[in-house]
Amino acid sequence: MATHEKVDVVIVGAGASGSTYAAVLAKAGKKVVLLESGPDWQLSDLISSDIWGRRVKPAGAPFLLEGKNPYGYAYQAGWGVGGAALHYFANFPRLMPNDFKVKSEHGRGLDWPINYADVAPFYDRVADDVGVSGDAKAEERWRPAGKAYPMPPMKTFKNGDIWLKGFEAVGIKMTPAAVGMNSVPYKGRPACLYDGWCHVGCPIGALANPLVTYLGDAKKAGAEVRARSTVTRVLTNPAGNKVTGVEYYDEKKEKQVQEASVVILAAWAGQNPRLMLNSATDKHPKGLANKSGLLGKYMMAHFASGTFAMFDEDVENHMGTVGAQYFSYDRYDKTSHKNAFGSTFIVAGTAQKTSDLSGFANARLDLFGPALADFMKRAKRGLTRIGAFGEEMPNIENRIEVASDKDEFGMPLAKIIHSFDQDAVALWNANFEEGLRIAKATDAKESWSARGNQPTIHLFGGTIMGTDASNSVVDSFGQTHEIGNLYVAGPGMFPTEGAPNPTYTIFALSLRGAEHLASQWSSVAG
Amino acid sequence: MAAIERRAFIKGAGLGALAFTVGGADVLLTPAQARAQGVPLRTLKPDEAETIEAIGETLAPDARKQGIASFIDQQISIPAEEALLEARILNVRPPYANFYRAAIGAINNASTAKHGKRFAELDAATQHDFVDQMRQNKIDGWKGPPGPFVYLILRSDAVDVVYGTMAGYASLDIPYMAHIAPTKRW
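One line per chain: the protein sequences are A and B, in this order. Here the first sequence is numbered in my numbering, starting from 1 and rising by one per residue. Here the second sequence is numbered in my numbering, starting from 1 and rising by one per residue.
Next comes chain A alone, as it looks inside the complex (with noise of 0.2 Å):
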């Protein structure tokens, strides 16, 4: 085992979150060290296939799915150097101000620490750091004022346009969609080609991907990633007040120690607590920063109402972006929907490729055959989709632990324990009724709802912000109650999901926690 020069910053996790942090910090002057389990992606990898592009997903040790709705993290989550944002949709909605104060206004889930106010103007500034394509002024119509985005919207193609009639008939109004792409060149990044590659990675650097924005300006201001390097342990001081750095495995499986004066957990929402759970010591017996109980613990996941529909015209399917062309918050108040709670995010145009989850092929699950092979053919002239995400209240039950299986290096694997509960039920099931009303008033010649196994999108939770160590892991910066140098980032902090795609939230609070940190460094590192 080889023992490390100590660092300023070790971060876990290169994604979204990690490289926010280690660009603040390194250009603050710290020495920072990223430290992340799956390979070195580079641009040039980002192959256009849906099938190679699974090799960016999840390989590492897996985990266990367990409950009601099994959380289905593979398709989703990431591996290596850019984490999930490396092959994300890069839409750029915002939680809105009905997100942060749930339980008090309405008795049911939880309140965050902090308002709308405290993070609006993170928003604003990711947007200018990574590239952002929108509309603020008409979003105004659902939120509080901000600063424009940086560039004009994006293109629309008519598998987004043609449903616009159907939503004007039942009253939603639906705006140019904020995707964190470019619509015109920015910072030296080319525009967008529309080529509907979103999901297995932009390789041209019009998607604001880690690599093109905050990774690259953390390794510009001398961050430091070594890839292939899996954490199993933080490691604490005798007295379990400090954490003194982490135990990983390099690429060549052998162990190593990187000490650093502070510790920031940026992985997995999943595997942040599976590490402090595996962190445990005498001094802190139920895993790190855990007095509260509550380490690993309201794990929520979003679930999509998705309703196709078939036209006669060509539809232009295989060009856009994989994210939205369009999106409403029309539904957006958590009592939208009679015998339902929760916001519902509504988005609309979306480039198809033929196969994988979100292919043509899947439209229709239960063709096969010859009917497939007739179904492919209409298809690839007139098929397209809407989608209405829903929010999933927290729930205590729905929880991480640790498993008996053991991974290569020894460490337990982890078990998702996940369920929907009523609400969840009722709002996924309101949001396919809505979107069949939609499909109707159009000029579609078929409409059909996407049913299957209620699908689990996203996770957050875990490692929940709150007021104090008795509601909560982390307060509003993710810096640990328990262990001041000990840092949460990521959808783990989330008390509540909201309903939009969350990694424009996940750098934003990044950004506000690592600016934190930083201005208050002497006194968390010191």
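For the record, the hints were derived by calculation from the structure and aren't laboratory data. A few of these clues could be false.
Restricting the straight-line Cα-Cα distance to at most 27 Å, the calculated cross-link-like pairs of lysine-lysine (BS3-like) are [claimed, not checked]:
1) B:K143 <-> A:K68
2) A:K165 <-> A:K137
3) A:K68 <-> B:K138
4) B:K65 <-> A:K380
5) A:K187 <-> A:K219
6) A:K220 <-> A:K27
7) A:K377 <-> B:K65
8) A:K173 <-> A:K155
9) A:K380 <-> A:K165
10) A:K173 <-> A:K27
If we take Cβ atoms under 8 Å as the criterion, some of the chain A residues that face chain B in the derived model are [as the list claims (entries may be wrong)]:
11) L46
12) R55
13) K57
14) A61
15) G72
16) Y73
17) G146
18) D195
19) D356
20) F368
21) G369
22) M376
23) K380
24) P455
25) S523
26) A525
Just so it is clear, CB atoms sit at the ideal spot from N, CA and C, and this is done for glycine as well.
Given the structure of chain A, go ahead and fit chain B onto it with the hints provided.
Relative to the frame of chain A, chain B by itself:
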């Protein structure tokens, strides 16, 4: 940089086709080429490959010729972290060969119990009905991974080899529009 220049910049930068072992040497072939050239299977037994081909063809016509058995065999013979199978993103726990062996066994056991023949020996209409029942989890006495999940995984593999390749896009007359092409053959 103009779009066409960017496309030119990336042209040819992609990975090759899959690596198959021929005469002790690794050669890059598409699964269809590997099948056509009779490249020996590394992990699947001949009867297992026959089952994969038969059910693949039932799920997506042309999957046999496009090399579904060669594709799966090559993929379950390499380290899991290099695998391109949809099983990887559907949370199947490696090694993936275990899942495919269990799925093939379940199919043939159920087929034999119901029809007295292995799946590959059934006529096309019976194969179609069998798959339809498997899809809906309606086969009595099914033992192994759940039938609907076996359907999902194998159907995805068949769709991959028939429609997910550049040739598959061409067959549907869909512009592929690669930033980085996986090579023209694959």
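Verification of the hints:
{"no.": "1", "hint": "B:K143 <-> A:K68", "result": "21 Å, holds"}
{"no.": "2", "hint": "A:K165 <-> A:K137", "result": "22 Å, holds"}
{"no.": "3", "hint": "A:K68 <-> B:K138", "result": "21 Å, holds"}
{"no.": "4", "hint": "B:K65 <-> A:K380", "result": "22 Å, holds"}
{"no.": "5", "hint": "A:K187 <-> A:K219", "result": "17 Å, holds"}
{"no.": "6", "hint": "A:K220 <-> A:K27", "result": "9 Å, holds"}
{"no.": "7", "hint": "A:K377 <-> B:K65", "result": "19 Å, holds"}
{"no.": "8", "hint": "A:K173 <-> A:K155", "result": "18 Å, holds"}
{"no.": "9", "hint": "A:K380 <-> A:K165", "result": "22 Å, holds"}
{"no.": "10", "hint": "A:K173 <-> A:K27", "result": "42 Å, violated"}
{"no.": "11", "hint": "L46", "result": "6 Å, holds"}
{"no.": "12", "hint": "R55", "result": "7 Å, holds"}
{"no.": "13", "hint": "K57", "result": "5 Å, holds"}
{"no.": "14", "hint": "A61", "result": "10 Å, violated"}
{"no.": "15", "hint": "G72", "result": "5 Å, holds"}
{"no.": "16", "hint": "Y73", "result": "7 Å, holds"}
{"no.": "17", "hint": "G146", "result": "31 Å, violated"}
{"no.": "18", "hint": "D195", "result": "4 Å, holds"}
{"no.": "19", "hint": "D356", "result": "7 Å, holds"}
{"no.": "20", "hint": "F368", "result": "5 Å, holds"}
{"no.": "21", "hint": "G369", "result": "6 Å, holds"}
{"no.": "22", "hint": "M376", "result": "6 Å, holds"}
{"no.": "23", "hint": "K380", "result": "5 Å, holds"}
{"no.": "24", "hint": "P455", "result": "12 Å, violated"}
{"no.": "25", "hint": "S523", "result": "42 Å, violated"}
{"no.": "26", "hint": "A525", "result": "36 Å, violated"}
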